[in-house]
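From first to last, the protein sequence lines stand for chains A and B. For the first sequence, the positions run 1 to 140 when the numbering used here is used. For the second sequence, the positions run 1001 to 1406 when the numbering used here is used.
These aren't lab readings, by the way, just hints derived from the structure by calculation. Keep in mind it's a predicted model, so treat the numbers as computed, not measured. Think of the CB as a built atom: it goes at the ideal place given N, C-alpha and C, for glycine as much as any other residue. There may be inaccurate statements among the hints.
[Stated by the list, open to error] The calculated lysine to aspartate or glutamate pairs, modelled on EDC-like cross-linking and capped at a C-alpha distance of 20 Å, are:
no.	chain 1	residue 1	chain 2	residue 2
1	B	1402	A	8
2	A	23	A	8
3	B	1402	A	95
4	B	1403	A	95
5	B	1400	A	22
6	B	1141	B	1114
7	B	1157	B	1113
8	B	1322	B	1147
9	B	1244	B	1147
10	B	1162	B	1210
11	B	1341	A	29
12	B	1136	B	1111
13	B	1400	A	29
14	B	1399	A	22
15	B	1322	A	73
16	B	1207	B	1309
17	B	1340	B	1147
18	B	1341	A	8
19	B	1137	B	1114
20	B	1403	A	8
21	A	126	A	95
22	B	1017	A	18
23	B	1340	A	95
24	B	1187	B	1210
25	B	1009	A	29
26	B	1067	B	1253
27	B	1402	A	73
28	B	1400	A	18
[To be verified] Negatives, chain A to chain B, calculated, CB over 10 Å:
no.	residue
29	1
30	24
31	30
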Amino acid sequence: MKINNIQDEIINDFSLFDNWMDKYNYLIELSKDIILIPKSKKIDENLIKGCQSKVWLFAEYKNNKLYFSGDSDAIITKGIISLLISIFNNQSCDDILNSEIYFIKKIGLNEHLSMNRSNGLISMIKQIKIYALAFKNRIQ
Amino acid sequence: MNQNNIIRKQFPIFEKKLNNNNLIYFDNAASSQKPECVINKISDYYKYEYSNVHRGIHSLSQISTDKFEQTRSAVKEFINANSTQEIIFTKGTTESINLVASSWSDIFLNEGDEIIISTLEHHANIVPWQIVCKKKKATLKIIPIDENGYINLQDVKNLISKKTKFISLIHISNVIGIETPIIEIIKLAHKANAQILIDGAQAVSHKKIDVQKLNCDFYCFSAHKMYGPTGVGILFGKKKILEKMSPYQTGGEMIKEVSFKETTFNDLPFKFETGTPNITGIIALKESIDFINSIGFEYIQQHEKELLEFLINKLTKFPYIKILGGNNKNKNSIVSFNMKKIHHYDAGSFLNNFGIALRTGHLCAQPLMNRYNIPGTIRISFAIYNNFEEIEFFIQSLKKIKKLFQ
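Same shape as in the complex, but just chain B (with noise of 0.2 Å):
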């Protein structure tokens, strides 16, 4: 067995049918699928080990604390963070980026003052920002990308000013899978003085992320786009601006003494992890990034590096199909499309019955398809299970759907 079927077979899911096909999972962009090991953590956690963490003095708790005290442990090895305390556990990425949005703006954003965002982002990388910044009366700037959906370095320095004091920036694109210039665009809010945030949630299962060598102020991402649990997200924080961030939500756990005069909050990472977390999702979590380490991020970038160039170079046979962001191969296990004279829909409903599960429509990114003047998109995204089968299963069923329309 070669080692992408020996890693499919971790994976209970592709035992399954589905409408009747096998089922070819081409949307890890939107949570990828769980190998057995992780189910395995949930189940014996739930049924042998369970109890709250971080309170009780009995073994049951404090196994449960340890466990997910070394979860902690593991993501910041994992992003190379400096500290525990610099790990916060959330429900997601989009709640890692509203906490920074709402903690962070309370503190550090004034009126006037600039947060750049680019044309690229995710809803959940737009909608909080632009809330914070009609709270504070500061103002929201975009930067343009070219048709291939590149950031140029120049149209950034133009935009930053004195008054930038954040960028927040997608590190790969949900939509067109390119990599975003995140080193020289961190470089560039350092020296202007502006903190910046990295939304990693299409980076970190598919390449390793070194937050210190990054230098990136926040960096965020989710445990269920990672062969993870869903309901659990990270987010990095350099230790020195968290400390002075406001707290997010409040209640148990996040304080160090309340009275009804006052309440003085709890050290990090404690701080912004208030109420009775997702102990189990958190726990599982460990599962899948041992999981990917025994894999290692060198097979896993060949092996998605091969799938995407053998997809690209299928799909740009067909006159009728135009990739965005153009033909080039720097895409990061995404690729979106559309079919002249087909709507995404139509398309998106048949491949379902072809037992092929895909995204289809604006994609948490209607700002991004109005750059390109399209309603949605096709998008397939892989994971490293994946296979060139299962390509060619569905560039014969494109073929069928084509002739289905004419």
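The following block holds chain A by itself, in its conformation from the complex (with noise of 0.2 Å):
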């Protein structure tokens, strides 16, 4: 599925929800539902700075496409991680890379975004652009 497709399927879950309460209820349901970063690979190398929990990602490139994993101490970080996972996995370098992330606002998590404490959220994105980055640089 195209990411803007996933974003559009998340928007829609969310806007099951009238009130804030049950929204955060289903991210700590979407925590446990996250792909799991390897023992192995939960390293100081791979955690992500500049967020007030701690946030690993960890990415593979299999077949052309980009394959994430994750955790985080907090647990609605890990929620939103799980939510980036899934947008993202299975995806092109290119895709990534020119993806556009719409779906915090639309489902009314802007409180995430903002810079002081979602820094975190911010520094995800930008991340998981550069590991596509990267692995495009690879390839070519």
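Since each chain comes alone in its own frame, lean on the hints to assemble the complex.
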């Protein structure tokens, strides 16, 4: 599925909740479905700097596609990475690099986007794009 | 109406909702809200009186200059300095400390000398000293603390040597709220012929400061943490030391005469105040000083102590909550805690949705976080407008969060 289709699907899922508490509960549920980073890769080198919580992200390149796994010590953050991974997994480098992430604002989790807190979230997306760029350059 | 309600009514922000809840503002150690008198002063000054200070001979400039200098006098009275020449306007506590680190060290710090700070310091009282020590090949020494955050005076005595030239110490910890033994450490510093700066950012709005009685060489604080405008800080310094220090930034106002050959510098306090200052902010600061004085520190301390005791009594009932620095009540308007198995970021995100504004994270004190071996914490910090109902609501919110994460 294309990146924007997945984003639209997420927006649709979240539209079923009419209060923030249910949205957060859903994020907590999503955190349990995360494609978990292998233990051997849960190392400082894979930590994303600039988050209030610890965030690990790892990427692999197989058959022209990128595959991500991650983890966090905060559950809300873990739910958000879980969503990001579901969007970017199994996508090509170019599609990732050309993507625009709009679902966060649409599902009303803006507070995680503001500079002081979500440095984290912006750093996560940036890191995913850096991976895509690095793998793309390696191929060329 | 009780006094707390009367005071609260003066803060327009509390008419606002945060995420559909009544706003509960527990982030006062970061910055306090502003009473109507301060807000009106800013607006009125821009509307009716605005002009630059200290230069023009026109009437508006004279009015501005008079009001600007009235704030300096008010600050002098507020902290009982000896003279208005000892009151320097900066943009905040951070700049005040940087000014001293730079201008004092330029003259007084030499290779091999030692500067002492404590484990409790805010980054603003760590990094400037690290930089000057590196530049001057001096050594930075750190006073340890015990589990409750207390400084043992014997440790300070052990650290002080003939090489000690300066001590820079936080007055009240921005993380655990405890007061450091500044009176004793000021005496120890002077006994060793060292000079001492006190970072009073978390103290000035909570207790009466008397710099003559304290006998500290420098005392710094910010207007925005004492119901005043942002972008205004104070540096108090003893005149005889300030006079010997190098200028900090250079340009207009701080000069006496400029030629292309040589420049002579202005007298205190103008030597350290170059460029057009935050005139409006400084003029409005007087309103916040008047506001604090009108309530009086006796009431402020009593009310904030009652809030703190009420909060700690509630928090200590939960086995899954650990208060940084222990359950003792010697904390000054600040309590930081962690919840077992719940990340501070998760807790903060939920509390925000309940309409509660507070701070989570390392609170600009990473070395202190390392001391307690935690990545971050949740901080509640009170001001004069907070009340018991807010604490009750907060406690109920914590219970809900705990249930959600089970």
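(request) Determine which of the earlier numbered hints do not hold for this structure and return their numbers in increasing order. (result) 1, 3, 4, 9, 10, 18, 20, 23, 25 and 30
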